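S.K.: These protein sequence lines map, in sequence, to chains A and B. Per our numbering, the first sequence starts with residue 11, numbered consecutively. Per our numbering, the second sequence starts with residue -3, numbered consecutively.
Hints may contain errors.
[Stated by the list, open to error] Here are the simulated DSSO-like pairs of lysine-lysine, each with C-alpha atoms no more than 30 angstroms apart in a straight line:
hint	chain 1	residue 1	chain 2	residue 2
1	B	K4	A	K399
2	B	K131	A	K459
3	A	K426	B	K13
4	A	K168	A	K210
5	A	K176	A	K78
6	A	K76	A	K100
Hints in this document: simulated from the structure, not taken from any laboratory. Quick caveat, the model's predicted, so the values are computed rather than measured.
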Amino acid sequence: MATPQPNTADQLGISTEYQYGFHDDIKPAFKSRKGLDEEVINQMCDIKEEPDWMRQYRLNAYQIFKQKPMTKWGGDLSQLDFDDIYYYVKASDRSERSWDDVPEDIKRTFDRLGIPEAERKFLAGVGAQYDSEVVYHSIVEELDKIGVIFLDTDTAVKEYPELVKKYFGTIIPSADNQFAALNSAAWSGGSFVYVPPGVKVDYPLQAYFRINSENMGQFERTLIIADEGSQVHYVEGCTAPIYNSESLHSAVVEIVCMKGSRVRYTTIQNWANNVYNLVTKRALAYEDAQMEWVDGNLGSKLTMKYPSVYMMEPGARGEILSIAFASKGQHQDAGAKVYHCAPNTTSQITSKSISKDGGRSSYRGWVDVAKGAKGCKSHVVCDALILDKDSRSDTYPVIEIGENDTNIEHEARVSKIGEEQLFYLMSRGLSEEEASTMIVNGFIEPLVKELPMEYAVEMNRLIQLQMEGSVG
Amino acid sequence: MSNDLVIKDLHINVQGKPIIKGLNLNVNQGEIHALMGPNGSGKSTLANGLMGHPLYDIDAGEVIFNGINVLELEPNERAKLGLFLAFQYPTAIPGVSLANFLRLAVSAVRSESTNGTENAELIPMREFRRELRDKMRQLGVDDSFATRYLNDGFSGGEKKRAEILQLAMLEPKIAILDETDSGLDIDAVRIVGESVNRLIGPELGVLIITHYPRLLDYIRPQFVHILLDGRIVESGGWELTQLLEAEGYEPVREKHGIAEAE
Ligand SMILES: Nc1ncnc2c1ncn2[C@@H]1O[C@H](COP(=O)(O)OP(=O)(O)O)[C@@H](O)[C@H]1O
Ligand SMILES: [Mg+2]
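Work out the full structure, taking the sequences as your base and the hints as a guide.
M.R.: Next comes the structure, spelled out in structure tokens:
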């Protein structure tokens, strides 16, 4: 209908600088050579001064990685060259504990990422991963007092070796898939959280991090253990700078929800257009425990991510709410997996995708009900919104049921932005861009309203940026 | 008379089928017109065409508003000039609250710019909230309306009241009300009628479209027009509504030699 105007970002009250593409000039303290082999792993272990069991774990995982064939399903990985990636980059020598110790240029980057002042105070502890190392990590005293551990995983390996060793790699073994193996060999950073029995953390634990070195792999490793009857909400938000060459991000997130506990893990990621974002996320939920994944994926060249919940004991519940926005040159292959391993377990999957300017989004879902797991319920809703005729959306749902006494519902809807909706909004004075942005924001509202306030605002802004100049 | 809406020999077709076939009508600010016609006579087609719906093709004719030929303009540009359409079937926009939507709409129509591709600068939240609350109270609309998703799961009556609330907030010069009374029970018609009455004044011209004169018991038009087969076949005053009430459209059809639509 209309031609786009320049300066739309300004008019929407968004600084055009806030494009997530800036690249502060940070000098890494150490950078391994390109590619991964035993020598690089040993070097990494030496610098990190890691215990021997972790060194062995890494080397073992590396053997598995070497033997795994290239992943053939999901998206196109043919451009991904494992030898052309830096596997270990250390940004500064120490893990910072107080904000005052954080180097100026790093602070500047945080400023530009838009973490508001007020929010900093509120932050339970900002686990900020800068390059492959956590450089800033402040833990509020309250967390200490109530016995909650919230550390970067590297530090946790040193300070809580028994606890880490007991769970690390037990939820997602190295051999699980090619990228889990790679992460197990090369991981750095990520968060370790332990919440003692009965403790409810009533503010979200947040980790901010970003990639900041060309061709650097980002392999963080997160482990969350919620002990019996505890509650915690972990939030991971991420923006990445724009690069010239391919960039790989391959995280592993392992979560254990013990009896009666409740964990929510929220992610909002907006990757640069050249990033491969290949993530394995899995949670085990025991008796009456509840696990919720809230997952928002924007940007990247290819995202493959399917948060999963294994419901191990009766009464467990898994919920996955995911949203993917695929723009030009992007493939979002996202979804969810739920495994009903015990009777009377319930799950809910809500997946929303938006495809625009030739972008492609796929929903890949797996619902599994084990034999003998009677009285299980699963409800899956997949909504796809396609903004133009060049864009694409597919769904690949798999349902494996080994038990008759179950109740599974699957709904899938594909819609286009309706002419009637656009006309209605435009007849009230909205420009075509404002109208379509409003419709898209409405479409993802069920997810956005689950986010903490500042992330909800950020999410709507990101959508606005994605929609800019999209009308023609 | 600078803000006239002047419709001259207008022809509109929908998917290749001629629906409006040479229609002439003038509406001024401060005037109340009723356009009456049986189902299928083209009333909504006229309303949609005037507002710039992309499915409704203008074959011939002119629509001059405020001295400007609006047929070249996007729907939002027409809205910025002061044209408003209360829809017969308002569209639901799930996930978008009435308040968020209205804040952007009000900001857009009040901005200086008439350029339809420019995005609006939002009016301050406090100011907007106060105004919205006041207007909602005046119209007797429940406070919960503001946070509900636009027309999503609204009852018929709620949808029509939301349209009138938008009319009140956007303060157009000329408003077209397309069957704002249809599908409502007697009480709802009264509430909507009284609400519109409150908005009527020298600054607002209204074209009330209806096929049944119930709403006109509450809003007395000065001018009444009868639409049959894409043309205005009779224009007059209040007496025309009485005639239709008593005898229906049949005598008018016969008089003008127009068969009942298929
Ligand atoms: N969007 C549309 N698509 C197809 N036909 C339409 C559409 N709108 C109107 N028409 C046709 O135009 C004619 C007049 O319809 P309409 O303008 O809705 O009449 P009224 O509002 O007077 O009941 C009808 O034959 C109707 O089928
Ligand atoms: Mg109609």
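S.K.: Hints first: check each against the structure and report whether it holds.
M.R.: How the hints compare with the structure:
Annotation: proposed proximity of B:K4 to A:K399 is violated, straight-line Cα distance about 37 angstroms (limit 30 angstroms). Restraint check for B:K131 and A:K459: satisfied, since their Cα atoms lie roughly 27 angstroms apart, inside the 30 angstroms limit. With a C-alpha separation of about 26 angstroms, the suggested pair A:K426 and B:K13 falls inside the 30 angstroms cut-off, and the hint holds. For the given pair, A:K168 sits about 26 angstroms from A:K210 by alpha-carbon distance, which is consistent with the 30 angstroms threshold.
Among the hinted pairs, A:K176 with A:K78 is consistent with the structure: their alpha-carbon atoms are about 26 angstroms apart, no more than 30 angstroms. A distance of roughly 25 angstroms separates the Cα atoms of A:K76 and A:K100; the hinted pair therefore holds under the 30 angstroms criterion.
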